[in-house]
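Colleague: First to last, the protein sequences are chains A, B and C. Residue numbering for the first sequence is -14 to 324, as defined by this note's numbering. Residue numbering for the second sequence is -14 to 324, as defined by this note's numbering. Residue numbering for the third sequence is -14 to 324, as defined by this note's numbering.
Simulated from the structure, these hints should not be mistaken for laboratory data. Keep in mind that a hint or two might mislead.
Unchecked claim - Taking lysine-lysine and the DSS-like style, the derived pairs with C-alpha atoms no more than 30 angstroms apart in a straight line are:
1) 179/C x 227/C
2) 317/C x 300/C
3) 300/A x 179/C
4) 153/C x 191/C
5) 313/C x 323/B
6) 191/B x 227/B
7) 179/A x 153/C
8) 179/A x 300/C
9) 323/C x 313/B
10) 300/B x 313/A
11) 323/B x 63/A
12) 179/A x 227/A
13) 173/C x 33/B
14) 313/B x 313/C
15) 33/B x 227/C
16) 191/B x 173/C
17) 227/A x 33/C
18) 33/C x 313/A
19) 300/B x 313/C
20) 150/A x 323/B
21) 227/C x 179/A
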Amino acid sequence: MRSFTLREIARLINAELHGDEHHQIDGLASLQSAANRQLSFIANPVYKKYLSSTSAGALLIAPSLASEFSGNKLIVSKPYEAYAILTEVFSNRVPAPTGIHADATLSETAVVGANVSVGPRAVIGEHVILGDGVVIGAGCYVGADTEIGADTELMPNVTVYHGIKIGKHCLLHSGCVIGADGFGFAPKAGGWLKIHQLGGVIIGDKVEIGANTCIDRGALDDTVIEDGVIVDNLVQIAHNVKIGRNTAIAAHTAIAGSTVIGSQCTIAGAVGIVGHLNIADNVHITGMSMVSSSITEAGSYSSGTAMSNTQDWRKNAARFRQLDQIAKRLLKLERDKKL
Amino acid sequence: MRSFTLREIARLINAELHGDEHHQIDGLASLQSAANRQLSFIANPVYKKYLSSTSAGALLIAPSLASEFSGNKLIVSKPYEAYAILTEVFSNRVPAPTGIHADATLSETAVVGANVSVGPRAVIGEHVILGDGVVIGAGCYVGADTEIGADTELMPNVTVYHGIKIGKHCLLHSGCVIGADGFGFAPKAGGWLKIHQLGGVIIGDKVEIGANTCIDRGALDDTVIEDGVIVDNLVQIAHNVKIGRNTAIAAHTAIAGSTVIGSQCTIAGAVGIVGHLNIADNVHITGMSMVSSSITEAGSYSSGTAMSNTQDWRKNAARFRQLDQIAKRLLKLERDKKL
Amino acid sequence: MRSFTLREIARLINAELHGDEHHQIDGLASLQSAANRQLSFIANPVYKKYLSSTSAGALLIAPSLASEFSGNKLIVSKPYEAYAILTEVFSNRVPAPTGIHADATLSETAVVGANVSVGPRAVIGEHVILGDGVVIGAGCYVGADTEIGADTELMPNVTVYHGIKIGKHCLLHSGCVIGADGFGFAPKAGGWLKIHQLGGVIIGDKVEIGANTCIDRGALDDTVIEDGVIVDNLVQIAHNVKIGRNTAIAAHTAIAGSTVIGSQCTIAGAVGIVGHLNIADNVHITGMSMVSSSITEAGSYSSGTAMSNTQDWRKNAARFRQLDQIAKRLLKLERDKKL
Chain A
-14 MRSFTLREIA
-4 RLINAELHGD
6 EHHQIDGLAS
16 LQSAANRQLS
26 FIANPVYKKY
36 LSSTSAGALL
46 IAPSLASEFS
56 GNKLIVSKPY
66 EAYAILTEVF
76 SNRVPAPTGI
86 HADATLSETA
96 VVGANVSVGP
106 RAVIGEHVIL
116 GDGVVIGAGC
126 YVGADTEIGA
136 DTELMPNVTV
146 YHGIKIGKHC
156 LLHSGCVIGA
166 DGFGFAPKAG
176 GWLKIHQLGG
186 VIIGDKVEIG
196 ANTCIDRGAL
206 DDTVIEDGVI
216 VDNLVQIAHN
226 VKIGRNTAIA
236 AHTAIAGSTV
246 IGSQCTIAGA
256 VGIVGHLNIA
266 DNVHITGMSM
276 VSSSITEAGS
286 YSSGTAMSNT
296 QDWRKNAARF
306 RQLDQIAKRL
316 LKLERDKKL
Chain B
-14 MRSFTLREIA
-4 RLINAELHGD
6 EHHQIDGLAS
16 LQSAANRQLS
26 FIANPVYKKY
36 LSSTSAGALL
46 IAPSLASEFS
56 GNKLIVSKPY
66 EAYAILTEVF
76 SNRVPAPTGI
86 HADATLSETA
96 VVGANVSVGP
106 RAVIGEHVIL
116 GDGVVIGAGC
126 YVGADTEIGA
136 DTELMPNVTV
146 YHGIKIGKHC
156 LLHSGCVIGA
166 DGFGFAPKAG
176 GWLKIHQLGG
186 VIIGDKVEIG
196 ANTCIDRGAL
206 DDTVIEDGVI
216 VDNLVQIAHN
226 VKIGRNTAIA
236 AHTAIAGSTV
246 IGSQCTIAGA
256 VGIVGHLNIA
266 DNVHITGMSM
276 VSSSITEAGS
286 YSSGTAMSNT
296 QDWRKNAARF
306 RQLDQIAKRL
316 LKLERDKKL
Chain C
-14 MRSFTLREIA
-4 RLINAELHGD
6 EHHQIDGLAS
16 LQSAANRQLS
26 FIANPVYKKY
36 LSSTSAGALL
46 IAPSLASEFS
56 GNKLIVSKPY
66 EAYAILTEVF
76 SNRVPAPTGI
86 HADATLSETA
96 VVGANVSVGP
106 RAVIGEHVIL
116 GDGVVIGAGC
126 YVGADTEIGA
136 DTELMPNVTV
146 YHGIKIGKHC
156 LLHSGCVIGA
166 DGFGFAPKAG
176 GWLKIHQLGG
186 VIIGDKVEIG
196 ANTCIDRGAL
206 DDTVIEDGVI
216 VDNLVQIAHN
226 VKIGRNTAIA
236 AHTAIAGSTV
246 IGSQCTIAGA
256 VGIVGHLNIA
266 DNVHITGMSM
276 VSSSITEAGS
286 YSSGTAMSNT
296 QDWRKNAARF
306 RQLDQIAKRL
316 LKLERDKKL
């Protein structure tokens, strides 16, 4: 377990230290659960109620709240950012050992940079390019002609098809599948005719992709995920979708083919976005909404109904089927009254 | 194929046997499809209509219905429970062979109990602890410092990250990912700052987890799945969620971060539950509902609208956008009338 | 890169060629992005606006539009079908090498047809039957007694449990799981009693299954996917579901247990279909709809609400809870008026 004095931590995050600079910290914890050798933080004033009772050895705190806490404190303008930086410092993950594991299967034509780690049971195809510092977890598959940028890490059991480009400093979680065929078929008499998907996937730098998420290859052009995009688990990104820089997509969201999403968007969980739409920059979509038309202005958008007990809901849901009639009958009453 | 006499089966499930005790049974089947050497059951009176025509060699039947069937019968108070017990007896699954397969990659520091099975191409990390009778399927990955309790089975191609605790008698289906990073990022100028996820996942005893389901590790504290929880396929359980004892969660449901769900809940398929909520014990959520506020009382809850043909639905869905106006106009008419 | 003259291409798709029969084509592209050595197509009159500006070396075009384009053209009755055929011709995917890779683990009792390819780190269980021309990708697992028909391909990291039947000419994408246990449990005092799933999965010919999709094995009888069905990514098909011939299912859809779906249906993305229903042939379900009752007639069906900005939506969603009251109050006003 790593241990730092408050003085050392203050330097790491450029904080103003009030209190015992020799106090030892060996971990992070929430205000309610922190012990004396742990550092906590307050980012949301809602949690002020815990300031008097916390046992934390020190606190990351904003200047505006600093006077309300009497213990050791590290004053920073953005406590949540400082906390994020320190999560890396206190991470308990052991880095993967450098080198190609004896139980990996690596094509002779693969081009491997410096300080690369390829785990046991991983399979690296022909003409794959792995940049410096790339980590390929156990059991991963990387298809022919795929290129992975420096310092990108694939956690165990990731699948990347052939001809894919992934940028630098990305993190792909287990079970995600990059570059499977887009769902393209031409109807024909007596069945479907497969449209072979000839495009690829281009993923920028500093992209994080969640567990069991799927990003399909393009039909003719590529599917594109720009720099800084973060994607949660079990998300579906269909062929030829483009996701703009720094957009965040929460779990279980599905984006249909050829839709273009702007930058800095935040798309909540289990959202559905139909194909061939354009979504502007800085759009927020609330959870479980269905987006069935393009959005041209920044803002927050929603669909769905509010939850109630099932007995009431059944009545209201049945009335939903009469809504157009209700509106027309209301209009008739209003008109009749005026006569 | 295993074969039992009705007498032997009656003993296994403690049933009262009426009919030919030497009748041989070598399988289970539904009332409609059962043949003479198969045993069937009636758990729901709706199926009484099949009693006269079934070809089943014998029936599991409740005392209240026993007089309505003239063939061989095994009378038990809970026929569905008796059937469940017998599905294990007649299971055709061949148990995995004990031992470490020559094609597995096992760390020298792993601690392996008695009668453990590790399949081909599985990778077991450093300091992993596998309890007695654990089965690790082909191609599984178990990260460093993870502990798996006695008699728990991982089907092929399961991924468990580092530092996870899984209890006894659990069953994890293929493709599930336990312990990937929670979706935690701090916004900063020009992008997102990753919050490294320092917590783990604690899974109790007798938990079943479906194929391709994801359970993320906690940010600081652990994500917790209590004893007896059953989770279907493609479910998302985000960081720091707690699921109470014996709760059941159907496929495609997504539960956002830090939500606490009580015990004995039944959550239907494709439900979305937003983060930081509390759901009481014994709550039922119907399929595809969106839960956006805490639920403090047991009962059944729903959201959404009823299905109709698309043409009608379009009109009603458009009127939904006027619903607040409709309510206000109605109120105005009511008030005007009173004047 | 493959290259063909227009004359050669015209023969492949039986087209009427107008223009330079020696013009070389080495790829396909959209009207907007095609270059001189690329072939494009117009399947939808909406794109007529691009006909005057496209740089494509030639066009697949219907007789009805042919006069509107002056460049090289291949006239065919169904340009989209012709394009689909040519995507196979121009596919850049390198076929898997024939033979069993030295790093695969193949049971001695497996029966392997002619020209089979088994990739590195794949595991093939006892008594598995692989038909002629079958391709098993790297890291796949195929359980005991499973049978895979001729020319079917499993992309890397697919999991197929024991006792499954897959037909000919199928394509299974990475991460899909075929034959995991259906979600069957009997409630009992103090928890759940597992119902072991004794059925299998039967998949017909020419079926395509998307990445990370799950198809569960049946409880007693089999789960059945008929010929020509196409399934997108992250779809859940529960135990004992039957999907009729040539039905298409888009990503993130979930179908609960024992539901029977007809042939030629098109089910959009993120749809939820509850268990034990019957859906007729030729039914279309729009995206994110909840299907909670059987559908007996062909046609299009929907549920949900239209999207709006979140502020307006909140008001309307709250009013949804009063909808039954609104309908009753409206009726009262109408009745009072008549008195």
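Colleague: Hints broken by the structure, by number, lowest first?
Modeller: 3, 8, 11, 18 and 20
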